[in-house]
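Visitor: Okay, here's what each chain looks like letter by letter:
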Amino acid sequence: MTANLANPMAARDHARGMAGKVAEAMPVLPPVAVDLPDGVSSDDLLWEETIASGGYATRRLARGARLRLIDLRGDACASLLVFNAELPTERLNVADTVKVQWNAYLGAGKLLLSDMGRVLMSFLEDGAGTHDSFCGTSNPGSNAAKYGNGANSGPTPSGRDRFLLGVAKHGLQRRDVHPCVNLFKGARIEADGRIVPQIGPFAPERSLTLRAEMDVIVVIANCPHVLDPRKDYSVTPLRATAWRGPITPTDDPVRTATPEGLRAFENVEDYFRR
Amino acid sequence: MSADIHLSGLSGSVVHDAIVPARAPWLHHVAAGQTLRIVDLEGNQAVDFLLYSAEDDAERYSAQDTVAAQGNLFLRKGTVLRSNEGRPMMTIATTTVEYHDTIGGACSCESNTLRYGHHTKAEHACVENFLEANLLEGRGKRDIVSNINFFMNVPVEPDGSLGIVDGISAPGLSVDLRAEMDVIVVVSNCPQINNPCNGFNPTPVRMIVAA
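Sequence order for the protein chains is A and B. Residues 1 to 274, numbered by the numbering used here, are exactly what the first sequence covers, in order. Residues 1001 to 1211, numbered by the numbering used here, are exactly what the second sequence covers, in order.
None of these hints come from the bench; they were simulated from the model.
Listed below are the simulated DMTMM-like cross-link pairs for lysine to aspartate or glutamate, each with C-alpha atoms no more than 20 angstroms apart in a straight line:
(1) Lys1077/B <-> Glu190/A
(2) Lys1121/B <-> Asp270/A
(3) Lys169/A <-> Asp215/A
(4) Lys146/A <-> Glu1085/B
(5) Lys1141/B <-> Glu86/A
(6) Lys1121/B <-> Glu269/A
Take these sequences, add in the hints, and give me the full structure.
Guide: Okay, structure coming up:
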């Protein structure tokens, strides 16, 4: 094999010979999805990618875009960072998200709030119901202790290190990796503060749909939940699909559901008044 | 000469002793091995608190790493305050308040508009204090992450309902924090007047460092 690739043209032909190969975890370009919701045109499809077990992906999404995540085989954990794409010093604030909504548990109708009093994304649909706004993701030390290795270059990378690479691809740095939310893996809180993780594995094909309420950068890491009790690095692929959609109208039920949420939308609308 | 009751049980010599006025920021470097005592002088005064590694301030307090590592949301005696690298930054050596909060975050002008209305946007807020203090050392908005609220009470109900409720602190209660590395402590003595975190009346707190 090596001898056959001793000249550049042979190496080129070898590389080109891979064209058309299909892997489970890969983006589809241009995007194709046969299961778009009723009323969504394939012309509006923006992104179709399956994120590997232990992998990550990032995407810039315009205001109004919908992002559907599907836990294909029931053991994905979508750890999520969200930035204002225009000015990424504005980012998801997990504390404000739970405090302003007077509730710790994410789900349909809930908002992901920024540190500037605005709604970055909202939950349109949630077929999972098990999410976590408290535990954050694994770091290299916690994965090294659990699996023997936590490095990006190893077999069991941490969510935090996937985030570092993800944010770096948008020009961001270590200090931009902010507290995250975990989707599909949950955490319930007991009266004494104890965290009860909800790890599953769950039924395959659970899905949720988020709506971008601002132009956002999403960074998604798909690594085992930090409190996953299993000794092996257990995680399955995560599918991401995004399509264009209308900007939230004033009578939208998610926008008007609570006075606090309504003011977060009004702050967004004020931001875009230009 | 009467003994200073706020120094009771604090070992070592006092190397720093300051009153943080109501509503004000405070920044101080605490060396590994030193103990920082925070005294809630008048009771139910939220002390919003961030930590940075003095050696590398991209390493900072991480509420999520801290609660995940101990499997519990509440910060009690023995809680290790961890960084975004999972490393111990400080340990709660002792506290006369049963537990402290790290999920409620800091008030900001912007979140005040959501929680109370736009008429509160002009009020002073913890994030303003965090920014002002951090800017002195070249840190900025990206460095402000989920913080600790000493002396603040945020229970989570079975349905996920949560809120800042009446405090469980009282005049003279305190928390002692032992530094496990050289740290930069950034505090906002919370100016909030629209919820019970300060009993609707911000008051001074005392910061004592012993070595």
